[in-house]
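J.: Use these hints to put chain H onto chain P, whose structure you have.
These protein sequence lines are chains P and H, in that order. With the numbering used here, letter number 175 in the first sequence gets 175, and the count goes up by one each step, no holes. Position in the second sequence (first residue = 1) + 377 = the numbering used here.
Because the hints were derived from the structure by calculation, they are not lab data. Beta carbons are placed, not taken as given, at the ideal position from N, Cα and C, and that holds for glycine. Fair warning: there could be bad hints in the mix.
Chain P residues, not near chain H, derived (Cβ > 10 Å throughout) [claimed, not checked]:
#, residue
1, Ser55
2, Met112
3, Arg113
4, Ala118
5, Pro156
6, Thr158
7, Asp165
8, Tyr173
9, Glu179
10, Ala206
11, Ala215
12, Pro247
13, Gly301
14, Pro376
What the simulated footprint calls covered on chain H by chain P, stretch by stretch (three residues with Cβ under 8 Å from a Cβ of chain P suffice, anywhere in the stretch; the number is not a length) [what the hints assert, rightly or not]:
#, segment
15, 390-403
16, 442-456
As a list, the in silico SDA-like pairs of lysine to any residue whose alpha-carbon atoms are at most 25 Å apart [as the list claims (entries may be wrong)]:
#, chain 1, residue 1, chain 2, residue 2
17, H, Lys455, P, Met1
18, H, Lys379, P, Thr4
19, H, Lys455, P, Leu2
20, H, Lys455, P, Leu13
21, H, Lys379, P, Val16
22, H, Lys379, P, Gly12
23, H, Lys455, P, Ala10
24, H, Lys455, P, Val16
25, H, Lys455, P, Gln8
26, H, Lys379, P, Gln8
27, H, Lys455, P, Gly12
28, H, Lys455, P, Thr7
29, H, Lys455, P, Leu11
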Amino acid sequence: MLRTQLTQAALGLGCVLLTAATGPRQLIGRDADRYLEDDLETERALADSVAEYASRAPSEEAFHTGSARFDGEWAFGAALMSIVGLAQVVEAHPELRSRYVPAMEQAAEHLMREETFAFGRAAWGEGPLDDLQHGRGHAYMGYAALALGILREVHPETRFASVHDALVDALAYRLEASEVGVVETYPGEAYPCDISSVIAAIGQHARLTHRDRSALIARESRIFRSQWVDGESGYLVQSIDPETGAPRDAPRGSGTALGAFFWSFADATLSADLDHALLTQGRAEFVGFGGIREYGQGHLGVGDIDSGPVLFGVSVSATGFALSAARRARDEDAFRSLFRTAALFGVSVSHGEGARFVSGGPLGNAIMLAMLTARPL
Amino acid sequence: MKHPLVRLLALSLTLIALHEVLAFGLDRAELIERLLSPGDPSVLLVLFVGVCFYALRLGLFFVLPGVWLYTVLSVLLKALRHRREAADRSLHAASHRARP
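Just chain P, same shape as in the assembly (with noise of 0.2 Å):
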């Protein structure tokens, strides 16, 4: 009798093991392959719904995780990665521009508020905007600038053009005038991901506006292999001291895969260097299921705010912006396989014509929408 309950437990067991080890890379993620396709009714799908986000127009009552530091960074990246996504989308398939255009203004109108700089003004005792010429730091203006440069591109005829061009140019300017190559982010705060941004933003103005950056781009390429990329892993480091550039966190996969992403617009080879690093050295799987490390090679940690809950030394997100990664390097297996994940997380409904991922809210659907489409280098 109890053999006979015994051998029922294993062939049971045996079962689970048997179709988890095989059935849900079956079920879960069908979709990737429709996104690696530039498929027309997928990413509209889901742009739909990030155009329904921006033009709610997020503002930072959106979120309220209890720092308006946070609230106001998390409003900002919604907006600007809705641009972002939405600009990809219409570059794959230029027939939805008309339907896009509205939404992508929206969001450049909610990111160029004065409100939504409340964070930057607090840290920074002055606006972002105040003192173009003059200023310094402000570092997740890159961001902005790289934005408003997208939407440029997408629509020549946008209002922002000119605030595009005086901010870049300013970013530009304290970027060179750093000896070591650092525009902080706050006061005594320097993160190389948002150089990364400020880089992308130059990059991406000079290729539509036909100026020459190439030599302090080429500088900022050398210095962030020089001192931030990390020789173990390939990863970025998180963070750095900004009057010295010596590194002050771990590599990180949050931060790299982000700037790889940011790369891509200024420096194709640095990009591919950082995605390298992270599909080879970075990525784990488990029955199908991709992530992303968050920590380098013999570096540990629990996570932040930057990289979401790290499970298993896996973070979400280096394993969101890693879908960027694996598009460009065309690396199939591996956008299969972290989308999986994505999806198994994220869960995609359907509402009406339009899909949106269940656990992405205004921010996360805004950046899956981006990372899903990001351009092949």
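T.: Relative to chain P, chain H alone:
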């Protein structure tokens, strides 16, 4: 009592329906916005429902297919055993009849 496969089918359909209802419910409830709002009085309820939803989702994709395989195999093995026992019985009866 109903056939085990019918019972499992009913259970599976119920769980799938519950999964869909919870997914749409959490989407409507704006799961992330609420979780990011510690001052919101409904945050604990949404968190509880969210945890239940993910437990259900993991169970549906990672455990239920195994339960199906086990149940199908059990039914097949049981049918095979019954058939063999019936064959044994008829063989036994035939040999009993053939005995002088």
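J.: Each of the hints needs a verdict: does it hold here or not?
T.: To see whether the hints hold, each was checked on the structure:
At the 10 Å boundary, the C-beta of Ser55/P stays outside the reach of chain H, the nearest C-beta of that chain being 16 Å off. The Cβ of Met112/P lies farther than 10 Å from every Cβ of chain H, with a closest approach of about 23 Å, so its non-interface assignment holds. Separation of Arg113/P from chain H is adequate, the least Cβ-Cβ distance of about 20 Å exceeding the 10 Å criterion. Every C-beta of chain H lies more than 10 Å from that of Ala118/P, the closest at about 17 Å, which supports listing it as non-interface.
At roughly 34 Å, the least C-beta separation between Pro156/P and chain H is larger than 10 Å, which holds for a residue marked as non-interface. Non-interface status of Thr158/P relative to chain H is upheld: no Cβ of that chain comes within 10 Å, the nearest being about 29 Å off. Non-interface status of Asp165/P relative to chain H is upheld: no Cβ of that chain comes within 10 Å, the nearest being about 35 Å off. For Tyr173/P, the requirement that its beta carbon stay farther than 10 Å from each beta carbon of chain H is met, with the minimum near 36 Å.
No beta-carbon of chain H comes within 10 Å of the beta-carbon of Glu179/P; the shortest separation is about 39 Å. Residue placement check: Ala206/P keeps its beta carbon more than 10 Å from all beta carbons of chain H (closest about 36 Å). The beta carbon of Ala215/P sits about 42 Å from the closest Cβ of chain H, which is more than 10 Å, so the claim that it is off the interface holds. Separation of Pro247/P from chain H is adequate, the least Cβ-Cβ distance of about 30 Å exceeding the 10 Å criterion.
The claim that Gly301/P lies off the interface holds: its Cβ sits roughly 22 Å from the closest Cβ of chain H, which is beyond the 10 Å cut-off. Every C-beta of chain H lies more than 10 Å from that of Pro376/P, the closest at about 29 Å, which supports listing it as non-interface. Counting residues of the segment 390-403 of chain H whose C-beta lies closer than 8 Å to any C-beta of chain P gives 3; at least three are required, and the coverage claim holds. Given a C-beta distance limit of less than 8 Å, the hint that chain P covers the segment 442-456 of chain H holds, as 8 residues qualify and 3 suffice.
Under the criterion of a C-alpha separation no larger than 25 Å, the hint pairing Lys455/H with Met1/P is consistent with the structure, at around 16 Å. Under the criterion of a C-alpha separation no larger than 25 Å, the hint pairing Lys379/H with Thr4/P is consistent with the structure, at around 23 Å. For the proposed pair Lys455/H and Leu2/P, the alpha carbon gap of about 18 Å is at most 25 Å, so the pair holds. For the hint linking Lys455/H to Leu13/P, the alpha-carbon distance of about 18 Å falls within 25 Å, and the restraint holds.
At roughly 23 Å between alpha-carbon atoms, Lys379/H and Val16/P fall within 25 Å of each other, so this suggested pair holds. At roughly 21 Å between alpha-carbon atoms, Lys379/H and Gly12/P fall within 25 Å of each other, so this suggested pair holds. Using a Cα cut-off of 25 Å, the hinted pair Lys455/H and Ala10/P holds, with the two alpha carbons roughly 16 Å apart. This hinted pair checks out: Lys455/H and Val16/P have alpha carbons roughly 19 Å apart, not beyond 25 Å.
Distance check on the hinted pair: Lys455/H and Gln8/P sit about 12 Å apart at the alpha-carbon level, within 25 Å; holds. Of the supplied pair hints, the one linking Lys379/H and Gln8/P holds, its CA atoms being roughly 21 Å apart against a limit of 25 Å. Our distance criterion of 25 Å between C-alpha atoms is met by Lys455/H and Gly12/P, whose separation comes to about 15 Å. As the CA atoms of Lys455/H and Thr7/P are separated by approximately 14 Å, the hinted pair is consistent with the 25 Å bound.
Simply put, Lys455/H and Leu11/P have alpha-carbon atoms about 14 Å apart, close enough for the 25 Å limit, and the pair holds.
Checked against the numbered hints above, the structure breaks none of them.
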